[in-house]
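2 protein chains.
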Amino acid sequence: MKKYNVAIVGVGAVGIEMLRCLKQRNFSLNQLRLLARSDRIIQVDGVDYKVEAVSPEKFDNIEIALFAGTEGEKGASVLFAPEAVKRGAVVIDNGADFRLEEGVPLIIPEINRNRIKDHRGIIANPNCTTIQMLVALNRIFKQFGLKQIVLSSYQAVSGAGKKAAVSLWEQAERVVEKNKGVYFDLIDKKVKPNPDIFPSQIVFNVIPKIGGLNEYGYTTEEWKTVRETHKIFEDSSIKITSTCVRVPVITSHSESVYFQVKDTVGLEDIKSAIKDSEGVAYSEDAVLPIDAEGKDEVFVSRVREDPFNKNCFWLWCVSDNLRKGAALNTVQIAEELVSSGLLG
Amino acid sequence: MKKYNVAIVGVGAVGIEMLRCLKQRNFSLNQLRLLARSDRIIQVDGVDYKVEAVSPEKFDNIEIALFAGTEGEKGASVLFAPEAVKRGAVVIDNGADFRLEEGVPLIIPEINRNRIKDHRGIIANPNCTTIQMLVALNRIFKQFGLKQIVLSSYQAVSGAGKKAAVSLWEQAERVVEKNKGVYFDLIDKKVKPNPDIFPSQIVFNVIPKIGGLNEYGYTTEEWKTVRETHKIFEDSSIKITSTCVRVPVITSHSESVYFQVKDTVGLEDIKSAIKDSEGVAYSEDAVLPIDAEGKDEVFVSRVREDPFNKNCFWLWCVSDNLRKGAALNTVQIAEELVSSGLLG
Chain A
105 MKKYNVAIVG VGAVGIEMLR CLKQRNFSLN QLRLLARSDR IIQVDGVDYK
155 VEAVSPEKFD NIEIALFAGT EGEKGASVLF APEAVKRGAV VIDNGADFRL
205 EEGVPLIIPE INRNRIKDHR GIIANPNCTT IQMLVALNRI FKQFGLKQIV
255 LSSYQAVSGA GKKAAVSLWE QAERVVEKNK GVYFDLIDKK VKPNPDIFPS
305 QIVFNVIPKI GGLNEYGYTT EEWKTVRETH KIFEDSSIKI TSTCVRVPVI
355 TSHSESVYFQ VKDTVGLEDI KSAIKDSEGV AYSEDAVLPI DAEGKDEVFV
405 SRVREDPFNK NCFWLWCVSD NLRKGAALNT VQIAEELVSS GLLG
Chain B
105 MKKYNVAIVG VGAVGIEMLR CLKQRNFSLN QLRLLARSDR IIQVDGVDYK
155 VEAVSPEKFD NIEIALFAGT EGEKGASVLF APEAVKRGAV VIDNGADFRL
205 EEGVPLIIPE INRNRIKDHR GIIANPNCTT IQMLVALNRI FKQFGLKQIV
255 LSSYQAVSGA GKKAAVSLWE QAERVVEKNK GVYFDLIDKK VKPNPDIFPS
305 QIVFNVIPKI GGLNEYGYTT EEWKTVRETH KIFEDSSIKI TSTCVRVPVI
355 TSHSESVYFQ VKDTVGLEDI KSAIKDSEGV AYSEDAVLPI DAEGKDEVFV
405 SRVREDPFNK NCFWLWCVSD NLRKGAALNT VQIAEELVSS GLLG
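Residue numbers (this note's numbering), protein chains in the order written: chain A, 105 to 448; chain B, 105 to 448.
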C-alpha cells in the first residue's frame, strides 16, 4: 500500500484535530510534517510533535497539504497554498479564502465526492456551519428538492479558534472566582472580554454576530451558509437565509433548521431520507452539543412537520465543529483522493 | 389618589421581580401581601419582607392578586385564583393555566390593552417568549399583516424558575472547581445535572427542548408561541412555527425571528414600524442578553431583509424574561386596570 507525505499547516484547534483524525483513521502516512508560524514542540494526546516554521521549501516532497487555517489565521493558505501546489502537493484548505473560486471544488464527501477530480491543485473544505446542515439535508435535497432553508445557529466558540475556546473558559473561571461566597442574588455576572477575540463577553451570554457585516446586513458567516450551499448542491435556486449566533459552548455547533421541500411529502418520508443519509446519526430524542464532542457523525433529531405549512419541516442538527465541521471532513477528502487514485 | 391592596402569590424569581416592579414604578399601594407555600421572611434588595402561607382567606380585602406561578409552580393559580376572584380580587396570572381559556384576556398592554375590560376576574400574562416577540412585531402586524413567523429562541434558564438559574450557576462553579489547574486541552466539561431541574447539563451546552412533547412533536413551550400569538393578535391565520432552546444564560431571552408580511414593503418600512413601536428600543448594533438584564424594553436589532424572498425579514430581539417577559408585563396590566378605572 502506497504511503503519503502529508503536511498540516496550522496547529491550533483544527490542526491538532487533523492530526488526531489522521492517526485515528490510520491514514496511510509516510512522513507527517507539522508547519506553523514558528519552530516549536507541541504535545498532543501525550505525544510530542516537532512543529517547523512554514516556508515554501517545506512543501518539497509533500503530496497532500492540509491547511487548518480558520478565519482567525487567514493568510497562511493565501501565501503558501500556491507554493505547495507548485511543488506538486494537492492542497485541502479548511479556510474560507478559496472556497468560492472557480476551479476549486468545495467538497463534503458524502454529498459531492464526484467533484474532487475537478481540482487544479486546491480543494476547499466548507464552513463548519454549512457542512453539518448539508450532511443533514443531503438526501432530502436529492430526493425531494429544496425550495427554502431558514437557519438559526448555536455555534460553539472553538469555531473561532482555540484562543476563543480558552477565552470562554477563562471568562467562566473569572466570573466564578470573583463571586466566590457571594449570595446568588448578588452575583455580578459581567466580565471584561478580550476584544481581540470576542467583542463582548461570551460566558452567560450569546452573540448574534459572527464575522463582519456585509451586503444586506448579513454577516460574513451568514453569507457562507448561503453561497457555499449553492455551490455544494449546485443549485442556486434554493432560497437560503440564516442568522448565525455564537453561544457559550466550547465545542459542537447546533442548528435549528426550518426547510421547505419541492415535492409533496410526509414526515415519514423526511425521516427516512435522513436515516438513510451517509454520515448522519438519527435520533428521536433531542441531541445536545456536549454529547457530540469528539464524535464523527452529524446528529439529527427533533424532526417535525410544520402543521400550518405544507412540505415544511424542522430539524435540529448537532456536530463537532472541529471534526466533521473541519478536520474530519478535510481528512475524508484526503482519503477520497487516495482511494480514487487521483494522487497517482 | 386611591391606593390598592395587592397580593403577590409566589416569591421565586418572578414574584420578587413583581415586588421590585411595583416599588420602582411607584404603584399606588395600600397594603402589599406576599403569599407563598409557607410563612417566612425574605430579603429583597436589602429590605425584609414577611411572607405568609397562602390560603383562601388571605385574599380577603385584596383588590389585585398577582400570581407569579411559572411552569415550575403550576397549581397555585388553579387552586387559589378562583378563591381570590370569589373574594373580589382581580387576578393577573403569569402562569399558563388560564391563558387560552375563553373569557380570560391574554394581555400585552402595548398590543391589546383594550381587551382588559373583557375579564371575568382573571387576566392572563402571556409566556415570556411570546411577549417579547409580539412586542417587536406589533406594529409590523398591525400595519402590514403577518403571513408567517419562523422563530428560534435562545432562552435564559431563569425562565424555568430561580432554582434553574441557581442550578446553572452551580454547574459553572463545579466545572471550574474540578478543573482547577488543569491544562485547557484536558478539561472535563461534564457535570452531573440535577434531573429535577434540567434533564441534562446546561453549562457549556444548549437544550433544544423546553417543556414536554406534545402534538406534532412540538414542545409545550413551542405550542405556547403558536396559540398565544393567535389569541393576542386575534388572527389564527398567521402561520407561526418555532423551535425553543434553552441556553446557558441566566436572565434575558434572545430570539431569532424570521417573518413574512402580507403587504409589499421595504426594509425601511419595517425598521420604521419597529422604531415606532411602544415598548421597543431599536438598535442598529446587535443587542446581547447580558445587556438587557434589569431593563424594561424589548431590544430589537439586526433587522434585515431576505434577499431571496419578497417581503421576508429577520429581526433579533432580546428582553429580560423576568421583567417584560413576566413581572413587568403583569404590573403593567395592573396599572392599566387602575388607570382605566376598571377596579372601581
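Keep in mind that the hints were calculated from the coordinates and are not lab data.
Predicted model, so just to flag it, every value in this text is computed and none were measured.
Just so you know, not all the hints are guaranteed correct.
Note that the list lumps identical chains together, so a pair holds whenever it fits in one copy or between two copies.
Capping the alpha-carbon separation at 27 Å, the derived lysine-lysine pairs in BS3-like fashion look like this [stated by the list, open to error]: (1) Lys-284 x Lys-399; (2) Lys-335 x Lys-293; (3) Lys-379 x Lys-335; (4) Lys-221 x Lys-296; (5) Lys-282 x Lys-414.
Right, here's what the structure says about each hint:
For a Cα distance limit of 27 Å, the shortest separation of Lys-284 from Lys-399 across copies, 26 Å, qualifies, whereas the shortest one inside one copy, 35 Å, does not. Taking identical chains as interchangeable, the C-alpha atoms of Lys-335 and Lys-293 are never at most 27 Å apart, the minima being 43 Å within one chain and 37 Å between chains. In this assembly of identical chains, the alpha carbons of Lys-379 and Lys-335 lie at most 27 Å apart only when taken from the same copy (24 Å versus 37 Å across copies). For the identical chains of this complex, Lys-221 and Lys-296 are neighbours neither inside a copy (49 Å) nor across copies (48 Å), given an alpha-carbon limit of 27 Å.
Within a single copy, Lys-282 and Lys-414 get their C-alpha atoms no closer than 52 Å, and across copies no closer than 50 Å, so neither meets the 27 Å cut-off.
Checked against the numbered hints above, the structure breaks hints 2, 4 and 5 and satisfies the rest.
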